[in-house]
Structures are given as C-alpha cells and as structure tokens.
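First to last, the sequence lines map onto chains U and X.
Sequential numbering of the first sequence, starting at 1, is according to full-length UniProt numbering.
Sequential numbering of the second sequence, starting at 1, is according to full-length UniProt numbering.
Don't read these hints as lab results, they were simulated from the structure.
Since we're looking at a predicted model, the values are computed, not measured.
Ideal Cβ placement from N, Cα and C applies to all residues, glycine included.
Any given hint could be a false lead.
Stated by the list, open to error - Partial list, computed: chain U residues near chain X (C-beta under 8 Å):
no.: 1; residue: 44
no.: 2; residue: 48
no.: 3; residue: 59
no.: 4; residue: 70
no.: 5; residue: 137
no.: 6; residue: 155
no.: 7; residue: 169
no.: 8; residue: 170
To be verified - Far from chain U, by Cβ distances over 10 Å, these chain X residues were calculated:
no.: 9; residue: 22
no.: 10; residue: 26
no.: 11; residue: 94
no.: 12; residue: 108
no.: 13; residue: 112
no.: 14; residue: 119
no.: 15; residue: 149
no.: 16; residue: 158
no.: 17; residue: 170
no.: 18; residue: 187
no.: 19; residue: 213
no.: 20; residue: 226
What the hints assert, rightly or not - Here's a subset of chain U near chain X, in silico, CB distances under 7 Å, partners left out:
no.: 21; residue: 21
no.: 22; residue: 28
no.: 23; residue: 32
no.: 24; residue: 61
no.: 25; residue: 78
no.: 26; residue: 136
no.: 27; residue: 298
no.: 28; residue: 300
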Amino acid sequence: MSQPESAVADAQAGGRAQESLAALAERYGLRRAIARPSLPAYLRQLWQRRHFIVTYATSKTVSNYSQSALGQLWQVLTPLLNAAVYWLIFGVILAQSKSIHNYPAFLITGVMVFTFTQRTVTGGAKSISSNLSLIRALHFPRATLPLAYAIQELQVLGWSMAVLIVLVLGTGEPISWLWLLIPVALVFQFVFNLGASLFMARVGAFVRDVSQLLPFILRTWLYASGVFYMITERTKGLPSALRWALEFNPAAAYIEFMRDLLIYQRFPERWAWVTCIFWAVFAAIGGFWYFWRAEERYGRG
Amino acid sequence: MADVMQEPLSEELSNMTVGTPTVIVDDLHIVYKVYGASAKKGNAANALSRLVRRQGRPEMKEVHAVRGVSFVANHGEAIGIIGRNGSGKSTLLRAIAGLLPAHKGAVYTNGQPSLLGVNAALMKELTGERNIVLGCYAMGMSPTETREKYDEIVDFSGIGDFIQFPMSTYSSGMGARLRFAISSAKTHDVLLIDEALATGDREFKKKSKDRIMQMRESAGTVFLVAHNLDVIEETCNRVIWLHKGKIKMEGDPQEVLGAYNRV
Chain U
1 MSQPESAVAD
11 AQAGGRAQES
21 LAALAERYGL
31 RRAIARPSLP
41 AYLRQLWQRR
51 HFIVTYATSK
61 TVSNYSQSAL
71 GQLWQVLTPL
81 LNAAVYWLIF
91 GVILAQSKSI
101 HNYPAFLITG
111 VMVFTFTQRT
121 VTGGAKSISS
131 NLSLIRALHF
141 PRATLPLAYA
151 IQELQVLGWS
161 MAVLIVLVLG
171 TGEPISWLWL
181 LIPVALVFQF
191 VFNLGASLFM
201 ARVGAFVRDV
211 SQLLPFILRT
221 WLYASGVFYM
231 ITERTKGLPS
241 ALRWALEFNP
251 AAAYIEFMRD
261 LLIYQRFPER
271 WAWVTCIFWA
281 VFAAIGGFWY
291 FWRAEERYGR
301 G
Chain X
1 MADVMQEPLS
11 EELSNMTVGT
21 PTVIVDDLHI
31 VYKVYGASAK
41 KGNAANALSR
51 LVRRQGRPEM
61 KEVHAVRGVS
71 FVANHGEAIG
81 IIGRNGSGKS
91 TLLRAIAGLL
101 PAHKGAVYTN
111 GQPSLLGVNA
121 ALMKELTGER
131 NIVLGCYAMG
141 MSPTETREKY
151 DEIVDFSGIG
161 DFIQFPMSTY
171 SSGMGARLRF
181 AISSAKTHDV
191 LLIDEALATG
201 DREFKKKSKD
211 RIMQMRESAG
221 TVFLVAHNLD
231 VIEETCNRVI
241 WLHKGKIKME
251 GDPQEVLGAY
261 NRV
C-alpha cells in the first residue's frame with residue numbers, strides 16, 4: 001500500500017500485532033464474509049424463513065390491491081374477465097367450438113391453468129431484479145423471493161379455481177368424485193411452477209432484457225399449449241413427433257390433466273401422470289440447483 | 001450526556017488491544033459498475049448503432065469506491081465513519097456486511113454482520129403493525145421472538161395509535177423511528193448503521209443513542225455512518241475518516257472530528 005493516507009491505518013493495524021491481517025483473522029477464527037452455503041444448509045435456511053415467505057406473499061397481495069377501489073375483489077374479477085375475453089374471441093368470433101365438447105369449459109380450464117404457470121414464471125423472472133434494495137440490505141437465502149412470488153400466485157389461484165369450478169358447473173358438467181384429484185393436479189403444477197420460476201429468477205437477475213422478451217415467449221407458449229384447440233385434432237395427418245412434442249409440453253400436460261378431471265370425468269391416462277410428475281420433479285430439482293449456484297452473486301455489480 | 005460518556009470511552013480506547021477482533025478489513029478495494037451513466041442521449045437509434053458497432057454497454061462506468069482500506073474492529077467498540085458524500089462510507093458498510101464483493105483484499109468477520117436496513121422489506125401501503133411483523137421475519141426472527149418483541153418495538157418507536165395506519169400516512173420522522181425500532185429489535189453481533197439517526201426528534205435521538213450503547217455493551221461491535229457529527233461524538237469510541245475511498249485519519253473521536261471540522 002503506497003497511499004500515504006492509509007498509513008495511519010497501517011501503522012495502527014501493524015503496530016497492534018506484528019503479523020499480517022489475514023493471519024490475525026485466522027488466529028481469531030474470523031472468516032470471509034461472502035460464501036455460498038452448502039445445498040442442505042441452504043434448504044435449512046429456507047425452511048427457517050418460511051414465515052417470512054408467507055407473510056411477504058400475503059403482504060404483497062394486500063399492498064398491490066390497496067390502491068384500487070374494488071381491492072381484492074380483483075382476484076376474482078381478473079380470471080372472470082380473462083375467461084370472458086377468450087370466450088368472446090375463440091368461442092364466438094372465431095367459432096372454434098363446433099367440434100369440441102363443451103367449448104366454454106374447455107377454454108376456461110385451459111386459460112386458468114395456463115395463467116397460473118404464466119403468472120408464476122413472470123413473477124419469478126422479476127423477483128430478484130425488482131427487489132435489489134432488499135437483497136442489498138439484508139441477509140437471507142435469495143430463493144425466498146421467487147418462492148414468495150410463487151406463494152402469492154398460489155393464493156391468487158385459490159380464487160381462480162373457485163371461479164373455474166362455478167363456471168364449469170354452470171356449463172352443465174356434473175360434480176364427480178374425480179374432482180377430489182384436483183388438488184393433486186395443482187400440487188404437480190405448483191411444484192413445476194416453482195422450479196420454472198427459480199430458473200427464470202436467475203436468468204432475469206443477470207439478463208435484464210428478459211423482462212422485455214418474456215411476454216412474447218409466454219404468448220408463444222400459450223398458443224402451443226392447446227388452450228384454444230385440441231392438440232390431437234389439430235395434429236392429425238402431421239408427423240407424430242410434432243404431436244408428441246406438443247403433448248409433452250408441460251403446460252399442455254397440466255391443462256389436459258385438469259380437463260380430464262373437470263370436464264371429461266375420466267381418470268387421466270398413465271402417460272399424463274408420468275408427464276406431469278416428470279416435469280414437476282425435473283423443474284423443481286433443476287430450477288432449485290440452478291438458482292442456488294449463483295446465490296452469492298445476486299444483487300452484486 | 002456527552003460529558004458523562006467521554007470518560008469510559010477514552011479509557012476503553014487505550015485498552016483496545018485487549019478486546020478480541022470481530023471485523024478485520026484487509027487492504028479492501030471495492031469497484032462497482034454503473035449502468036446508464038452515459039452523457040449521450042439514450043434513444044433507440046443510439047442503442048442500435050451501439051449494437052451494430054459491437055460496443056456492448058458503453059454507458060457502463062466503473063467506480064472505484066473504496067481504495068485500500070485496512071482496520072481492525074474489536075468487541076464492544078462503536079466505530080464512527082465520517083466523510084463527504086461519495087467518499088465510500090456506505091460502500092464500505094455494505095462490504096463489511098458481505099453484500100458487496102471485494103475487488104481486492106478481504107473482509108474477515110466473526111458471525112454475520114448485519115446492516116440496519118430493514119426498510120427495504122417494509123411496504124408503505126401496509127399498517128405499522130403488519131410492517132413490524134414483516135420486518136421481524138425479514139431479519140430472520142421467529143414468530144415467538146416477534147411476538148415477544150412486538151410491544152417493545154411499538155413502545156420504542158413511540159408512534160402510538162399511528163401503528164394501526166398505513167406507513168404511507170407517517171411523517172418521515174415517524175417512519176424513521178419505526179424502522180429503527182424494528183431493526184434494532186434483533187440482537188446483532190456486528191451492527192452496521194447507515195444514516196438511520198438522521199431524522200427523528202431530540203427525544204428519539206437520545207433513545208436511539210442509548211440503544212446503540214446497549215448494543216455495544218452486549219459485546220457487539222457497532223459501525224455508524226452519519227453526517228450528524230454530534231451523534232458520532234457521543235456514541236463512538238473511534239472514528240474513521242474516509243476521503244475518496246481511503247482512510248484519511250483514524251482514532252479518537254475528538255481528534256478526528258476536530259481535524260474533519262477544520263477542513
């Protein structure tokens with residue numbers, strides 16, 4: 001160190017103990033401040049923060065709606081309006097509905113299920129980049145933020161599902177024992193969403209342009225997921241690999257699974273179970289691992 | 001109050017070699033990048049021409065905020081950090097807290113230093129009550145601890161019935177009081193305070209000073225950044241004067257503050 005201004009500090013530190021500061025630190029067992037915890041330790045820390053995750057999610061919902069006159073009623077109105085718009089365009093104007101049994105229910109189920117994934121992924125992508133001040137001020141496992149956004153969407157989903165079930169009943173579908181499997185389907189989808197949003201959280205934290213690009217990607221995904229049409233019907237006469245790819249798409253799988261339960265009253269086929277579980281496990285493990293690998297770099301530089 | 005405290009402080013200062021170190025900063029350099037610092041107009045055509053000319057992000061500037069700072073902080077010390085705006089005080093605190101990576105050199109700490117900065121977790125649309133719970137959880141307190149501390153936080157903040165109103169209705173002083181009350185509810189090994197005491201009335205300032213002394217006594221180390229030099233003089237036993245990212249002077253508060261005031 002050549003700066004004369006630091007000489008005071010040097011003299012102070014050097015005169016205090018005739019050893020380098022690094023050696024002094026080691027003697028007293030002091031560690032460098034920045035380090036990424038091991039994966040099990042990280043999971044433990046996350047578990048300790050569970051109260052923060054839930055409180056943060058609820059508070060954000062309250063805070064978001066506090067400015068609007070109708071307040072939390074929007075949690076019900078938004079899915080209703082969404083369903084109405086899509087029904088108007090695809091059910092009435094473009095008249096898709098002829099070949100599909102109970103098209104309104106078919107469409108609304110698709111829209112609601114897809115919206116759940118779409119909103120969670122969008123939330124995840126901005127969870128780190130829009131909370132930089134929080135990240136720069138406090139220590140906590142950063143995965144709490146995408147998790148809190150996912151929990152927030154889960155709370156929104158509760159209302160969407162209530163709206164969905166009322167609408168499906170309104171279109172004349174009977175209540176079935178299979179509806180007891182709806183929570184199972186939602187758990188699969190939620191776990192998948194969680195993984196996808198953790199993945200997008202890291203991408204969104206380091207590639208800032210993602211937030212501009214994401215709406216287009218998600219809209220493409222929406223059109224590829226058989227929300228408005230039946231994949232089997234549309235891919236007739238096309239190579240079977242295309243149909244397979246479209247049906248293996250996680251969003252399509254979760255949508256079809258839900259339609260089986262809600263509309264067709266049939267137990268989902270085995271491949272549907274396999275696809276849904278595969279995507280949940282794959283996304284959760286992959287997304288979590290990918291997010292954790294950059295833990296010490298969020299909010300830096 | 002200042003007179004009462006000067007005595008034990010100077011005594012402690014002379015005994016400083018006895019205390020065990022809690023924070024060691026070793027030739028620390030911090031460099032961070034700033035985006036969008038360009039003088040050019042930031043329109044789409046410029047952005048496109050940059051892309052074409054393969055210039056990446058030319059608006060990016062590097063700021064060398066801390067340039068080779070070294071010191072040792074011990075148990076039971078309260079260290080004031082002074083300096084002009086942009087002298088690297090807040091950056092140094094963030095680096096000690098482990099929130100900014102060192103470009104060169106290192107920060108060694110015992111346990112986890114925490115920045116007294118719970119405000120980022122609070123939401124102004126929510127009531128004070130809700131924010132207390134949220135803030136406590138954000139600092140990693142358990143629900144039981146939060147319930148135990150709740151009344152103490154309300155009392156300490158001294159904002160009375162306003163606790164049931166959204167924080168957006170608070171005056172800036174009230175907000176600062178609540179934030180300080182929340183963040184000081186948790187016991188920290190090493191506490192870093194950045195300008196938290198700038199606002200608030202006289203009585204609250206006294207209360208917060210007492211709180212800082214209390215934290216020092218519970219064998220922690222406190223770092224305090226403030227432009228209000230009275231606060232530093234009355235609470236700290238050592239002062240570091242930063243100038244352009246380097247330590248210009250360090251030592252007894254009266255000496256350093258005296259020199260600082262003469263500039």
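Structure-based check of each hint:
1. 44: With Cβ-Cβ at 12 Å, over 8 Å, it is violated.
2. 48: It holds, given that the least Cβ distance between residue 48 (chain U) and chain X is near 7 Å, below 8 Å.
3. 59: With a closest approach of 5 Å, the residue 59 (chain U) hint holds.
4. 70: 16 Å, violated
5. 137: Holds: closest Cβ of chain X sits about 4 Å from residue 137 (chain U), inside 8 Å.
6. 155: 16 Å, violated
7. 169: Violated, about 36 Å.
8. 170: 35 Å, violated
9. 22: 8 Å, violated
10. 26: 4 Å, violated
11. 94: Violated, since 7 Å does not exceed 10 Å.
12. 108: 4 Å, violated
13. 112: Non-interface label fails for residue 112 (chain X): nearest chain U Cβ at 6 Å, not farther than 10 Å.
14. 119: Violated, because the least Cβ-Cβ distance between residue 119 (chain X) and chain U comes to about 7 Å, which does not exceed 10 Å.
15. 149: Given that every Cβ of chain U is farther than 10 Å from that of residue 149 (chain X), nearest at about 14 Å, it holds.
16. 158: Label holds. Min Cβ-Cβ 24 Å, cutoff 10 Å.
17. 170: 15 Å, holds
18. 187: Holds, because the least Cβ-Cβ distance between residue 187 (chain X) and chain U comes to about 15 Å, which exceeds 10 Å.
19. 213: 24 Å, holds
20. 226: 17 Å, holds
21. 21: With a minimum Cβ separation of about 4 Å from chain X (threshold 7 Å), the hint on residue 21 (chain U) holds.
22. 28: 5 Å, holds
23. 32: 6 Å, holds
24. 61: 11 Å, violated
25. 78: Hint violated; residue 78 (chain U) Cβ to chain X Cβ min 19 Å, cut 7 Å.
26. 136: With a minimum Cβ separation of about 5 Å from chain X (threshold 7 Å), the hint on residue 136 (chain U) holds.
27. 298: At 10 Å from the nearest chain X Cβ, residue 298 (chain U) fails the 7 Å test, so the hint is violated.
28. 300: With Cβ-Cβ at 6 Å, under 7 Å, it holds.
Of the numbered hints given earlier, the model fails hints 1, 4, 6, 7, 8, 9, 10, 11, 12, 13, 14, 24, 25 and 27; all others are met.
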